[in-house]
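> Okay, here's what each chain looks like letter by letter:
2 protein chains.
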Amino acid sequence: MTYQLHYWPTIQGRGEFVRLALEDAAAAYVDVARGDKDDGGGGERALMADLAKGDHPPFAPPYLVDGDRVIGQTANILLHLGPRHGLAPRDESGRLWVNQMQLTLADLVAEAHDVHHPVGMGLYYEDQKDEAARRAKEFRTQRIKKYLGWFETVLERAPKGGWLTGQHVTYADLSLFQAVEGLRYAFPHAMKRLEPKLDRVIAVRDAVAQRPNVKAYLASERRIPFSTEGIFRAYPELDPG
Amino acid sequence: MTYQLHYWPTIQGRGEFVRLALEDAAAAYVDVARGDKDDGGGGERALMADLAKGDHPPFAPPYLVDGDRVIGQTANILLHLGPRHGLAPRDESGRLWVNQMQLTLADLVAEAHDVHHPVGMGLYYEDQKDEAARRAKEFRTQRIKKYLGWFETVLERAPKGGWLTGQHVTYADLSLFQAVEGLRYAFPHAMKRLEPKLDRVIAVRDAVAQRPNVKAYLASERRIPFSTEGIFRAYPELDPG
Numbered sequence: 009m010t011y012q013l014h015y016w017p018t019i020q021g022r023g024e025f026v027r028l029a030l031e032d033a034a035a036a037y038v039d040v041a042r043g044d045k046d047d048g049g050g051g052e053r054a055l056m057a058d059l060a061k062g063d064h065p066p067f068a069p070p071y072l073v074d075g076d077r078v079i080g081q082t083a084n085i086l087l088h089l090g091p092r093h094g095l096a097p098r099d100e101s102g103r104l105w106v107n108q109m110q111l112t113l114a115d116l117v118a119e120a121h122d123v124h125h126p127v128g129m130g131l132y133y134e135d136q137k138d139e140a141a142r143r144a145k146e147f148r149t150q151r152i153k154k155y156l157g158w159f160e161t162v163l164e165r166a167p168k169g170g171w172l173t174g175q176h177v178t179y180a181d182l183s184l185f186q187a188v189e190g191l192r193y194a195f196p197h198a199m200k201r202l203e204p205k206l207d208r209v210i211a212v213r214d215a216v217a218q219r220p221n222v223k224a225y226l227a228s229e230r231r232i233p234f235s236t237e238g239i240f241r242a243y244p245e246l247d248p249g
Numbered sequence: 009m010t011y012q013l014h015y016w017p018t019i020q021g022r023g024e025f026v027r028l029a030l031e032d033a034a035a036a037y038v039d040v041a042r043g044d045k046d047d048g049g050g051g052e053r054a055l056m057a058d059l060a061k062g063d064h065p066p067f068a069p070p071y072l073v074d075g076d077r078v079i080g081q082t083a084n085i086l087l088h089l090g091p092r093h094g095l096a097p098r099d100e101s102g103r104l105w106v107n108q109m110q111l112t113l114a115d116l117v118a119e120a121h122d123v124h125h126p127v128g129m130g131l132y133y134e135d136q137k138d139e140a141a142r143r144a145k146e147f148r149t150q151r152i153k154k155y156l157g158w159f160e161t162v163l164e165r166a167p168k169g170g171w172l173t174g175q176h177v178t179y180a181d182l183s184l185f186q187a188v189e190g191l192r193y194a195f196p197h198a199m200k201r202l203e204p205k206l207d208r209v210i211a212v213r214d215a216v217a218q219r220p221n222v223k224a225y226l227a228s229e230r231r232i233p234f235s236t237e238g239i240f241r242a243y244p245e246l247d248p249g
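Protein chains in written order, with our numbering: chain A, 9 to 249; chain B, 9 to 249.
Derived from the structure by calculation, the hints contain no laboratory data. One should not assume that every hint holds.
It does not matter which identical chain is used: a pair holds within one copy or between any two.
[Unchecked claim] When the alpha-carbon atoms are kept at most 20 Å apart in a straight line, the in silico SDA-like pairs for lysine to any residue are as follows:
#	residue 1	residue 2
1	K200	G169
2	K153	M129
3	K205	D138
4	K145	E164
5	K223	Y193
6	K153	T10
7	K153	L131
8	K61	R208
9	K153	P248
Chain A on its own, in the form it takes in the complex (with noise of 0.2 Å):
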């Protein structure tokens, strides 16, 4: 059965913690807006089309298209792809712990988001330039630090084998690496000052990172670049040196 990803075609996301999932278990896996015709894929338009559609439409992307089901909120949809590739506990418990990680992260990135948006996501960044400039330094500062350093304790306190479980990485750890890496592009100078205090998180990543299947799609066009397009965005003047 082959997946279908619905997500914004030109930028990572939301829809990048799905995508390291999929490629890290090398599910087969068709990303709707980015393909051609040939692969099954209709572009930014049938995005749009689609998500108004059917008995669960779901109230953004991403959402995932396994055979007639449509899963839409990321977590969800991790929290069902999670069991089906090994990127989850066994054990109801231990779903349930991941699940709780993985909303953390969705409330961190969420975050991320206000910074250069406080005032309003559809006006631009260019019209809440000085308001971000406020939210920034909280963020910056203080939010960070507090959501990472909880992973830090996290790591810190599970059973031996340096993923947030212990011995088995989970779909989690691979959403952290990518929490990691958005903040590294967009807070550079509050990232080098933070992560002398956060070692198991920085292994985390970087095993994240030398996965076989994740190594190999970072290299590859399927990894949209960060830019300010997305999520995490690099203004220099919401990191000051």
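Knowing the structure of chain A, use the given hints to seat chain B on it.
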């Protein structure tokens, strides 16, 4: 088994979505930070001390203790409680769909909070009133409509029965009730304009309010009133008539 709910003792906040599920299910629980010591409660200080403990430390309240499990993130707590109390579908596909709707409500709740704290959660509202006024406009005129309009569409396409999944109430219906109540409190003028096109959503709100256990709860002292300390805040300047 008595659940322990850990949440701020003086606000509805995110904890209220959990309280509503526990109350509707007539589940035995202690609202730890609110109870006195005779009830097993320990006040706000105990809340913060407990937060930092254990192998699965929650990032923030609310969290639920169920036996030896500590479960954080509102949607994750409900994912755990739903099947145990008849508040989620029995099939996996149905459970994912309810989780998806709950996560969409979580996004709405986060945006409702950002309206009065666009620049940062560490600052007072009074120090970001101008930014809040800008953000409120988009929320009032576009975002509420987009979210609740989506739920209206979901209800329009759902199997007969009036609930989000048709014939049986789920925790997502209880949460939709809470979202409507919060929005009515914080944005009464905006909601008055929007509600004529939200018949099905309001019917769910009304049906939840009439459920015997919910009705008894809402009339009890256990229901904390809305206030300008919570997530939904009534600041008249953010909702001009």
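> Any hints this thing doesn't respect? Which numbers, in order?
1, 3, 4 and 6
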